[in-house]
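Q: The residues making up each chain are set out below.
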Amino acid sequence: MNPTALFRVAGAAAVVILLLIPLASSELGGLGPLVLSGYVMHLAITAFFYAILASSWSLLAGYAGQFSFGHMAFMAIGGYTSGLIGKFIRFTTAPSELCTDIPLFGSWWLVVLNIRRVGTIDESCLDMAKTETLPAGTLIVFPPVWASIAMGLVMGATFGLLVGWLVLRLRSTYLALFTIGFSEILRASISAEIPITEGQSGLELVPLFPAGLLGFSSTSKIPPYYAMLLLFLVAMAMMTWLAGSRFGLFIRAIREDEEAAAALGVNIVRYKVLVFVITSTLAAAAGALQGHYIGIITPNTLIILQMSLVIAMAVIGGLENIYTASVGAIVITFMLELLRTNITIGPLHIDMTLWRLVFFGLLLMLTLRFQRNGLLYPILERISRGGVAAETVSIRAAPDEDEVDVEDEEHPPSGPDENADAEAVNDHAESDR
Amino acid sequence: MENAAIFGWALLWIICWGALGGVVTPRIYARKDLEISQASFGGAVIGAALGPFSLLPLWVATPKITNRLIGIAIAIVVGIFIAAFALADPDNLCVANGGFVISQLANGIVIGIIYGLMALGLTLIFSILGVVSFAHGEFYMIGGMVTYFISAKWLPGVSPLVAILASCIVTFAIGYLFERIFLRPMGSGEIERPTEYAILVTFGLAFFLQYFTQALTSAVPVKAQRFFPFPRAELPADSGALLKMTPGNVTIFDAVSIPNPRFTAAVLALLMLAALLWFLYRTWVGKALRAVSQDRQAAAVTGINPDSMNSLAFSMGAMLAGLSGASLVQVFSWLPQVGIPAAARSFVIIVLGGMGSLPGAFLGGLIVGLVEAAGTGCIPDATRAAAYIPAYGMVILTLVLLLKPTGLFGREL
Amino acid sequence: MLNLTANNIFKNFGGLEVLKDVSFTVEGPELIGLIGPNGAGKTTLTNILDGALKPSSGTVYMNGERIDTRPPYGVARAGLGRTFQVTRAFRRMTVLENLLIPAMAMRATARQRDFEKKAQDVLEFLTIAHLRNEYARALSGGQQKLLELGRLLMLDPQMIILDEPFAGVHPRLMEVIYRYITETNAQGKAFIIISHDMDTIFTLSRRLLVLNYGDLIADGDPAVVREDPLVKAAYLGEDEE
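Chains as they are written, first to last, in the numbering used here: chain B, 4 to 436; chain U, 607 to 1019; chain F, 2 to 242.
If you are wondering where the hints come from, they were derived from the structure by calculation, not from laboratory data.
Please read these numbers as outputs of a predicted model, since none were measured by experiment.
Accuracy of the hints is not assured; some may be wrong.
Within a straight-line C-alpha distance of at most 27 angstroms, the following computed DSSO-like cross-link-like pairs (lysine-lysine) qualify [to be verified]: (1) F:Lys55 with U:Lys670; (2) U:Lys670 with F:Lys21; (3) B:Lys133 with B:Lys90.
Pulled out of the complex, with its shape left as it was, chain B reads as follows (with noise of 0.2 angstroms):
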């Protein structure tokens, strides 16, 4: 079977799989012996979070080389923006005459509620204009869950627009830390504008689906098990599209060789732009979904060491794919899970709660000194690139003795690179001004 033909079978088997988990969930009585507690279905919801979390960020770094370390601010840009709608829009039919009223079509009013004090009683200007000002019969609505998590998309795409345009001209380090000082200052800000997001205490968001759909329980894991596996499938379709199009081509070229890609013709200032717009929209879908799911948001998952989780991730299954990145999320988090059993040996007892995280960081370390492209990257490459020594040794066309030995693949002689460093070196060296 040919890589291609071998890939999209596996792919489907997989997609069909995580269609029919939840049939094995104890809510659904089990598959045989196969019984999935409402725990087990809790985790993988979350995988399917950190996996469309890190995919995105392996298209941003490791496709297009830019890499940011703000991108859980995305996600909590998401997150925040689906939750506040929820706490101060209304749709009301008469206006309210207390709050900020702003006509719509027909007789419909949308209001925006009233910031209130903290520590105060205050009552919310909709609750006294109850009372007071809107006559009677007048209905109250909230804002449909799924347009305020798309409002949370359309502000993530913002300030990704806005954050991949200032940082057109910071490279590596500089990129660093510019994005960790953006995370950083809208991790401070929101975690000091109390009034308006709670602050550490967290912002709560509605549920994602209403009690009693389809006959599912407010606290079924079912509905928003698809729904975020949805969001994940379509996450990595969209993503996969991308990547094996012109814009995957640009991406990668620009992470190779920015100036070399904009003299052949890139516009490389519109894709490093629309990069960052698009991932960071992923991340807040994601952020938006796992926020009404969770029910409620804080300022502390975008403090450094959810990034690193994220990023850690990613590396570990292979950052320049995104498959890689996002199976390598779905295996961490259940493993996480699974290393929470304490070890006792003789005397020695391990809080394995504690020192999992101590070996995951070594594995992250490990990963990065001996296996640069992740765990499951070179298995992927393998199979996919298998062929490519033996096909160009079977057309090769004359002998060619300047010719390098492409069956060493994995580690190119270093005769040719050095070569090459030699004349670099040269002609920097001789260049003119």
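Place chains U and F on chain B using the hints.
A: Here is chains U and F on its own, set in the frame of chain B:
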């Protein structure tokens, strides 16, 4: 704040004219075919200083924008800022009470010296390896932890100097091992994008060290005793008007009060700074280090091994962070997470001072120390201000990166 | 018909004048050599024509359109391609992908498979067809140079600037590059070739530009330029081995 509007308008004035100056000035200089490397930043600060009254003469005369001109402009901006604050809030402790102001300034300088020392380590690493270590805060944390555990738990009664020395040795050793095992292969030349991957691996180290310490020590805050309490003394002997010392505090002129732990920490930092300067400018190894930071290839040709300089720079940088932590563990209470804000502060300082510049890092440390002291002492609405403090530094960091990536003293890119 | 006009180009770096009042015109598929001692401003001039640097003053027009205000990708789309002094292949992309990038960048609606046939022809012309699915980093220095030339054919510009195409290349490869230049030129593309290799440049080019510390001191037939006393004094006397 009584007349918050005054302050707000002054701020708006500064920002608007600064933005206009920053955008327009380089265009005018470019049109006249003059040097424009400083035009954007210079135009911004000159605009912020006196608005149209300074911008119009600048645009007409287009003088060469020197560091001196920029310095004067910055001084005027700071002056306007302070004046507006004083007008807006005349009852504030920072405006009404001179002694309080001087105390805050002295404390700001004292803490700024230690911040500067820590940032010096980071900038040393950057100037040699071209990488910002994201584990710098963790070395700071470990320096403090080792000092605390030796002086308070394992060997109580031993001189604090021994504990500090031990923390230096530990952080140096961890830094050395990490550089040899994880960073050196990145620079071997066969790896694409070595800087990015080196940053990632320091991220991994930060993650590892933080959780490792947490697993070992649990998350209870600890704090060391003051290392060297002052003797009791008064000068003149009866009133103490000139100088008054208690074990925990020193008061000069009855006005400036500095707590003992901060004072000893600053003295330690200054000693270390002197030792570092001696090392960098007087010893052969230090000169070799500076040579590598200026021109790697040229240094290699003269027989310096750049790889061993990498190891030395990284472990020395880690040790400087460790020493800062060791001297501050008697000032702040200590947790495994204590390194995160400290590292963030160091990033701000080295970006402000100019990445890779040693004097820049030290001056940046002083500035940040002073601003923090002013911020905690002067801003009304304390809870909200406290929540915003991490953000102020980051705003400076992002603005400097966007407007003048070379900082105050950085080399041209 | 191609027309490239550079008018009164000046370029300063800080206080240093690197180009002083350089003007010239290229009409039709000319084959031009650009020579000058180290520090003469050859690479700076290339970067200005390509849009990577902006001139301090002066203008560049291509077929009546002003291109010195455009970014490099705008200049590439206007029909000017260039190589770099140091080879700059996209190292972790396959040879085929390297070739597809310029072709795709030029046409907004194109699909990759539309260009695979053309890419195959280009690779065969450059004698590296067997490497099409290899990563560019697995290629030798000389093969990477050929790959860069191949990318320019896929970009299909009207004018090509080659910065030191013969530096550090062994003789057999030099033949391929020589053939590339003459055949592509015969198909109607103009060339400006920067080289230190005097013999090759004199036999290859039909017009010579000579830069000396920012001044364009000669412009004309190679045989005439060779005898120009200014050129002899400035360049040939000191640098010819």
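Q: Give a verdict on every hint.
A: Verification of the supplied hints:
Simply put, Lys55 (chain F) and Lys670 (chain U) have alpha-carbon atoms about 21 angstroms apart, close enough for the 27 angstroms limit, and the pair holds. For the hint linking Lys670 (chain U) to Lys21 (chain F), the alpha-carbon distance of about 23 angstroms falls within 27 angstroms, and the restraint holds. A C-alpha spacing of about 17 angstroms is found between Lys133 (chain B) and Lys90 (chain B), which places the hinted pair at or below 27 angstroms, so the restraint holds.
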